[in-house]
Amino acid sequence: MIEIAALRKSYRKSRGLDGFSLGLENNELVGLVGPNGAGKTTLIKILATLLPADSGSVRVSGHDVSTEPMAVRASLGYLPDVAGIYQDMRIGEFLEFFADAFRLKEPQRTTAVERALERAGLVDRRNDFVEHLSLGWKQRLLISKILLHEPKLLLLDEPATGLDPLARIQLREQLKRLHTEGVTILISSHILSDLEDICTRIVFIAEGKNVLESQTAALGPGARAAAIRCELEFEGSIDDVDRVMASFSGAQVLERKNSFLLVEMPGGSKEASGLLRTLLDAGITIVHFDARGPGLEERYRRTFGEHGR
Amino acid sequence: MRRYVTNPMISKELRQRLRERRSWLLPTLYLIVLSGIVVCVYYFSTDTGRRLRGAEVQGADIGQAIFLAVVFTQIIVLLLMGPVFSSGAITIEREQRTLAGLLTSLLTAPQIWWGKFVAALLYLLLLLTSAIPLLALSFAFGGVGPLDLVKAIGSTILTLASICTIGLWCSATFRRSVHATASCYAIVLVLTIVTAISFGMLYAHWQQSHPEDMGPPAYIQAPLFLNPLYPLLTLTDDNGFRFYVYSTSSWLLFAALGCLAAAFAMRRLRRCGEQL
Numbered sequence: 002m003i004e005i006a007a008l009r010k011s012y013r014k015s016r017g018l019d020g021f022s023l024g025l026e027n028n029e030l031v032g033l034v035g036p037n038g039a040g041k042t043t044l045i046k047i048l049a050t051l052l053p054a055d056s057g058s059v060r061v062s063g064h065d066v067s068t069e070p071m072a073v074r075a076s077l078g079y080l081p082d083v084a085g086i087y088q089d090m091r092i093g094e095f096l097e098f099f100a101d102a103f104r105l106k107e108p109q110r111t112t113a114v115e116r117a118l119e120r121a122g123l124v125d126r127r128n129d130f131v132e133h134l135s136l137g138w139k140q141r142l143l144i145s146k147i148l149l150h151e152p153k154l155l156l157l158d159e160p161a162t163g164l165d166p167l168a169r170i171q172l173r174e175q176l177k178r179l180h181t182e183g184v185t186i187l188i189s190s191h192i193l194s195d196l197e198d199i200c201t202r203i204v205f206i207a208e209g210k211n212v213l214e215s216q217t218a219a220l221g222p223g224a225r226a227a228a229i230r231c232e233l234e235f236e237g238s239i240d241d242v243d244r245v246m247a248s249f250s251g252a253q254v255l256e257r258k259n260s261f262l263l264v265e266m267p268g269g270s271k272e273a274s275g276l277l278r279t280l281l282d283a284g285i286t287i288v289h290f291d292a293r294g295p296g297l298e299e300r301y302r303r304t305f306g307e308h309g310r
Numbered sequence: 050m051r052r053y054v055t056n057p058m059i060s061k062e063l064r065q066r067l068r069e070r071r072s073w074l075l076p077t078l079y080l081i082v083l084s085g086i087v088v089c090v091y092y093f094s095t096d097t098g099r100r101l102r103g104a105e106v107q108g109a110d111i112g113q114a115i116f117l118a119v120v121f122t123q124i125i126v127l128l129l130m131g132p133v134f135s136s137g138a139i140t141i142e143r144e145q146r147t148l149a150g151l152l153t154s155l156l157t158a159p160q161i162w163w164g165k166f167v168a169a170l171l172y173l174l175l176l177l178t179s180a181i182p183l184l185a186l187s188f189a190f191g192g193v194g195p196l197d198l199v200k201a202i203g204s205t206i207l208t209l210a211s212i213c214t215i216g217l218w219c220s221a222t223f224r225r226s227v228h229a230t231a232s233c234y235a236i237v238l239v240l241t242i243v244t245a246i247s248f249g250m251l252y253a254h255w256q257q258s259h260p261e262d263m264g265p266p267a268y269i270q271a272p273l274f275l276n277p278l279y280p281l282l283t284l285t286d287d288n289g290f291r292f293y294v295y296s297t298s299s300w301l302l303f304a305a306l307g308c309l310a311a312a313f314a315m316r317r318l319r320r321c322g323e324q325l
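Chains A and B are the protein sequences, given in the same order.
FYI, the numbering for the first sequence is 2 to 310, going by my numbering.
FYI, the numbering for the second sequence is 50 to 325, going by my numbering.
If we strip away everything but chain A, and leave its shape as in the complex, we get:
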């Protein structure tokens, strides 16, 4: 769906992207994570045909973004970080205008507008002015707008900014639903818990470069990892714990801090239960055990500790 190779983009005083590469398969829901100024928005803008790249290649749905921008626009929906909306238009008019802007002909135009109203939950409010909607409803309307022409790819730049918790939950549910409908989504966000919940893959970006890529336990078959990481906190002697670890096949201590250990081992939750049982059988008091491994927040802290500003 997206092929990005050695992408570079410089501004007058700074570098937006510095040899960034990424590939997105169909029906992936990928989170883009990085500190401010890492190049997330630049990347999304290049994909959305708003910014020209200095070098490198970008293809969306098989079309080159620099030479076939119209074909690219026809295949994607883009929601900017601060998306504006025509406050002085009625909800129905707003959707009809964008249906026309995406060159939808009757009867598809009417069908698309009706479906967008249903998707946004605004069927009964089609004659209301947009300015009367709350921020959460406006965001739903904007997402419905970018889905009018049924794009196969969505580019969402900080879509949860400014939303209240309920609106954020609704947004997450909407994105999950779209993902199950087969839409590929690239989402940039600073709300890591949201990304962890919905994304099949997280891409870390800093200073315009790829930093790390990881699968999440969220959705899709691609999410199943070959190894599992366990965080554990214990009471007692470290030597006893080390002895158990040494006897447990494949277990490797990645991080050690006082009575805290981060362990990686082959397998899944079954193997993690085995490790916990072995530790308890050895008489070690476990005060905390988390087989989900370090969360996205922890990985973010570790990854961007050195890049963060």
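Just so you know, these hints were derived from the structure itself, not from any lab.
Stretch by stretch, here's where chain B covers chain A in the computed footprint (C-beta under 8 Å, at least three residues):
| no. | segment |
| --- | --- |
| 1 | 44-52 |
| 2 | 75-87 |
| 3 | 100-112 |
Simulated pairs of lysine to aspartate or glutamate, DMTMM-like, Cα-Cα distance not exceeding 25 Å:
| no. | chain 1 | residue 1 | chain 2 | residue 2 |
| --- | --- | --- | --- | --- |
| 4 | A | K14 | B | E144 |
| 5 | A | K106 | A | E94 |
| 6 | A | K177 | A | E159 |
| 7 | A | K153 | A | D65 |
| 8 | A | K271 | A | E236 |
| 9 | B | K200 | B | D110 |
| 10 | A | K210 | B | E323 |
| 11 | A | K14 | B | E323 |
| 12 | A | K106 | A | E182 |
Just so we're clear, the structure is a prediction, and the values are computed from it rather than from any experiment.
Note that beta-carbon positions come from the ideal geometry of N, C-alpha and C, so glycine has one too.
Following the hints, complete the assembly by docking chain B onto the known chain A.
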């Protein structure tokens, strides 16, 4: 071509514009001003004029006076309004953060520009046509023919279209509406006042060396060809040849200026993504 006629931008822009309070306030004020001018001109042409000259006033004189007063007042008022409607057209999309939505739709930069241009010009044309009954009053007095009306309106439309393209260029170039509007007004001022001053200086210099000549040659009048009021000034010229030659030169210059501004505006619009 069909896409430019059925451009969704035009209906969107007109709908938004006609929902503003100023959409009915401006035509009202505009017609009040023009009516006031007509009443004043009529009064001065008949009563005061007769007293001052001590002569019988001809109906044709009143008709011409009303016609020219309305024609010049409306172009001055519309020249002041043109930048308001055109120079904010693209910057407002940028300020409202809606431009990204347009640029990532299947609307091309020329289509966006065309929608903005037509909507701005149509509103000015609405004002222009609303004043036709006032202009037609002059027919009742005589001295003015339908051809004069056509020439005056045609010339005004062409001038306004050029001003709208300049306004849209300013709008595509600047990030803020206030800067775009100020720049457009500066350009309109240069075109109306600086060209007139330049002509005045050239004419004064030329007259010193040609004291007995009746009128300045074309090269002395050249700065005026870029003056929005100039084609209307030649309306009063009895010499039809001069009207057509000089006015046509002026119209061609305005058309060229408009095309240039439109080309630059579309170029800027294509690169607007970097400013979003």
